[in-house]
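Trainee: What follows is each chain in one-letter form.
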Amino acid sequence: MARFQPPQRYSSPHLPFGDRRDAPFYGRHIISVRQFSRDDLTYIFGVAHEMREMVMRIGAFDLLKGKILANLFYEPSTRTASSFVAAMERLGGSVIAINEVRYSSVTKGESLPDTVRTLEAYADVIVLRHPQQGAAALAAKYARKPIINAGDGAGEHPTQALLDLFTIREELGTVDGLTVTMLGDLRYGRTVHSLARLLSLYRVRLNYVSPPNLRMPREIVAELEAKGVPQAEYDRLEPVLAETDVLYVTRVQKERFDDPTEYEQVKDAFVITPQVMAQAKERMILMHPFPRVYEITEEVDADPRAAYFRQMEYGLYVRMALLAMVLGKA
Amino acid sequence: MARFQPPQRYSSPHLPFGDRRDAPFYGRHIISVRQFSRDDLTYIFGVAHEMREMVMRIGAFDLLKGKILANLFYEPSTRTASSFVAAMERLGGSVIAINEVRYSSVTKGESLPDTVRTLEAYADVIVLRHPQQGAAALAAKYARKPIINAGDGAGEHPTQALLDLFTIREELGTVDGLTVTMLGDLRYGRTVHSLARLLSLYRVRLNYVSPPNLRMPREIVAELEAKGVPQAEYDRLEPVLAETDVLYVTRVQKERFDDPTEYEQVKDAFVITPQVMAQAKERMILMHPFPRVYEITEEVDADPRAAYFRQMEYGLYVRMALLAMVLGKA
Amino acid sequence: MARFQPPQRYSSPHLPFGDRRDAPFYGRHIISVRQFSRDDLTYIFGVAHEMREMVMRIGAFDLLKGKILANLFYEPSTRTASSFVAAMERLGGSVIAINEVRYSSVTKGESLPDTVRTLEAYADVIVLRHPQQGAAALAAKYARKPIINAGDGAGEHPTQALLDLFTIREELGTVDGLTVTMLGDLRYGRTVHSLARLLSLYRVRLNYVSPPNLRMPREIVAELEAKGVPQAEYDRLEPVLAETDVLYVTRVQKERFDDPTEYEQVKDAFVITPQVMAQAKERMILMHPFPRVYEITEEVDADPRAAYFRQMEYGLYVRMALLAMVLGKA
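Residue numbers (this note's numbering), protein chains in the order written: chain A, 20 to 349; chain B, 20 to 349; chain C, 20 to 349.
Chain A extracted, bound-state conformation (with noise of 0.2 Å):
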């Protein structure tokens, strides 16, 4: 796990009229879910509902007009890159996109905290994607302008988690009181272990549903175990479908299994198809991070309880609310 860095205020000198220095997240890091009190969860989801509501109503709007984000992905990830670059933009904001990194002579040599105070002097906020756990609570040590993780390796991914509740949270209403069953690699999807621990915060029943070789770790399991949070684990998804109100899938990769026959007796247990779906509830969701390859059949699409696509557009409304917050505008 990565170690968290405490997130730091940040004090610029370069304070435009109209900051909120009192806004409960002005001028800090978005590391870790590790950071966020449940309190913390209500307000950032209460500024993305605004934010959503905004975007349906006008589109766009200049609350951060004037503001730039540099964009730092040290790896490519055009889903994530693409959200924090609309959602910058749909705040009237401006974006450097550094996407290039491997050919640029930042990767020559240059240590990313270097990297990380030259940006600052351009921009106001940066958002960085690096293939190195702790990469992020890094370059928050050394930053003066807020640092947003939008992926450190097989660290965290902080936003994506976010996202994926706050999903949970517009498409049925509430968190408290659901069931959410988690299907596939659940050993090495980060995305399954954020989520699991922000649900641990909401009083929910969580099943694991993967291969045997791909359990949910045994960490993880603890601290929701010591949390209170009932949790049960299985091998197919059958036994808990009726029962389950958000299904969060992720795909199982061959690569993951050192004996291929034993891949091909397991991979067809853990593909959602319209058959699957229709011994589900009529009122559940289905959610995958993206992207999806085969374990998600394209007829499944057209069923409104999909909610994977209306999924993404949730993640912008999230990284608007997160952007304006750290920035004092929200």
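Bear in mind the hints are in silico, worked out from the structure with no lab data behind them.
Where hints are given, some of them may not hold.
No copy is singled out in the list; a pair is fine if it fits within one copy or between any two copies.
To be verified - Only pairs whose alpha carbons sit at most 25 Å apart, straight line, appear in this in silico DMTMM-like list of lysine to aspartate or glutamate:
1) Lys160 to Glu189
2) Lys160 to Glu332
3) Lys160 to Asp320
4) Lys273 to Glu318
5) Lys286 to Glu252
6) Lys246 to Asp195
7) Lys160 to Asp322
8) Lys160 to Glu318
9) Lys300 to Glu318
10) Lys160 to Glu317
11) Lys286 to Glu129
12) Lys84 to Glu332
13) Lys273 to Glu332
14) Lys246 to Glu262
15) Lys273 to Glu129
16) Lys84 to Glu72
17) Lys348 to Glu72
18) Lys160 to Asp264
19) Lys300 to Asp264
20) Lys348 to Glu332
Fit chains B and C to the known structure of chain A by using the hints.
Mentor: Just chains B and C, lined up with the frame of chain A:
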């Protein structure tokens, strides 16, 4: 040929005030030159002409403020990508530039429909460049937001054909009554195919001048024949130069010839020099889709009839017009 | 040395209201430090200082709203590219970022003049980074819109030299009367060559401290000699450290030495540590063009005399000033 999917109306929940739902191209996809009637072209060129006047007068204006273009290029094309970026920015809109598709997870197994449905969660319109014929039509089949085809392999590049035609209109005042001579590789150049199709909506005479192995495809000749367009084929420019109003040049590439000596024999006949221009009408224009390598010598650039740099500027206006139109603002 | 093409006046048909045609740098190319008089520098730094105050006060403003910068980088330079993007965006302008030139058709045979003439059909100003010496002057010869040289190989990088000088002025209040010591690789670093030339317009004393094989080129020493600038050369920092007002550090690279043992013998003499800083004036500044690797240790960063991160911020203001000036807005 790409089978053309008729463009679909698009109805979005995000309808900012001021959108004109009754505008002729509102929410339409721009996929193929075959979708346009002559009235459509008159309308598009009227809007493009207004865009030209506005840019000449004030440089930029906020017609698309708050709108976001996803510029999705699966293969690099600096010229076309830059032109769309500039078009959106001159209208006050913003851009998500996605150029590095080859390295991104987008190409790791994700289907084009999934990528498009992701991007429309963030953006208001998608410009797509893709190496596979039919890609734009496929994207349009799934998209709720307008798709503009910026080239799909051996398929079409409709905005290039529109800007070519707009160039003729703006430079010579009218299209009817003109003699248009296409020179060079007429077999593999999708540019000349699309332009020929658009020209068939007007009262023109077409000359095709090419090496024997690079003649205009029979199906296109037949198509225009059926519409009553006078066409004639030549292997040298000389017989038709004096009567030509528009000389449209494309490059004859060595790789198209099985026998290199054959290439050496013909290539000089397809190079435009000041000596060639001396034989041309005083009021004609010389066009080229660019990039050019050797097929028009640099000395020709100073000739006022050399319209190829102005052609790019006309491209800007046509793309401004299309973006404004599909977004219901023109 | 790049033969310098005198910058040309540019007259555009796109003259928005409010452009000041009589502004001193309106429509000018920025190609070489040799094009500036001392009065020019005073003017540029005055505007840059105003930019600094505006950014400190309100972060961003709309001086260049509606203007488009084509940021054309034939080789990657995240720092310089980001700085120009931020400069344009803080002035309310837009950017066409062209970073992936190596994959694009631009490099497939198209000449630099053709690329530049294409981009000026879309943009109002072009920033050019190119690996070949003389590229910026060549581009300027053909361009109707202003070209700003962002580095042309072994040639020049004038905006770096301007920001270096602006840093000295802002940090120490004046340039006249200072002792500037340049340390490290003075032979291959175009940065120190350009800065030395600019400093020759002021009343300064220059010390060059380098390994014997990496001395300042004789032609530059001769050029400054002719202008009466006091210069002295050393192979160790110690003799001049106490009298130094500005210590400008560049990296000594191993690859510059035929014999690796020779490198090992000298390298430690060119590393700045807190122990070195302890021998320096209380009111001096330590500069570096970045990226730095080992030549200034991280412990030095906390020293208030370490100006290298502030140096980047000054770069933003200088580039804002240049963009506004060549576009007739300052």
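Trainee: Decide, hint by hint, whether the structure agrees.
Mentor: Hint check:
no., hint, in the structure
1, Lys160 to Glu189, "neither (34 Å within a copy, 28 Å between copies)"
2, Lys160 to Glu332, "between (31 Å within a copy, 20 Å between copies)"
3, Lys160 to Asp320, "between (43 Å within a copy, 14 Å between copies)"
4, Lys273 to Glu318, "within (23 Å within a copy, 47 Å between copies)"
5, Lys286 to Glu252, "within (17 Å within a copy, 60 Å between copies)"
6, Lys246 to Asp195, "within (15 Å within a copy, 68 Å between copies)"
7, Lys160 to Asp322, "between (45 Å within a copy, 18 Å between copies)"
8, Lys160 to Glu318, "between (47 Å within a copy, 15 Å between copies)"
9, Lys300 to Glu318, "within (18 Å within a copy, 60 Å between copies)"
10, Lys160 to Glu317, "between (44 Å within a copy, 14 Å between copies)"
11, Lys286 to Glu129, "between (43 Å within a copy, 19 Å between copies)"
12, Lys84 to Glu332, "both (22 Å within a copy, 20 Å between copies)"
13, Lys273 to Glu332, "neither (30 Å within a copy, 49 Å between copies)"
14, Lys246 to Glu262, "within (22 Å within a copy, 64 Å between copies)"
15, Lys273 to Glu129, "between (36 Å within a copy, 16 Å between copies)"
16, Lys84 to Glu72, "both (19 Å within a copy, 18 Å between copies)"
17, Lys348 to Glu72, "both (17 Å within a copy, 22 Å between copies)"
18, Lys160 to Asp264, "neither (40 Å within a copy, 31 Å between copies)"
19, Lys300 to Asp264, "within (7 Å within a copy, 69 Å between copies)"
20, Lys348 to Glu332, "both (21 Å within a copy, 24 Å between copies)"
Hint compliance for this structure: hints 1, 13, 18 are not met, and every other hint is.
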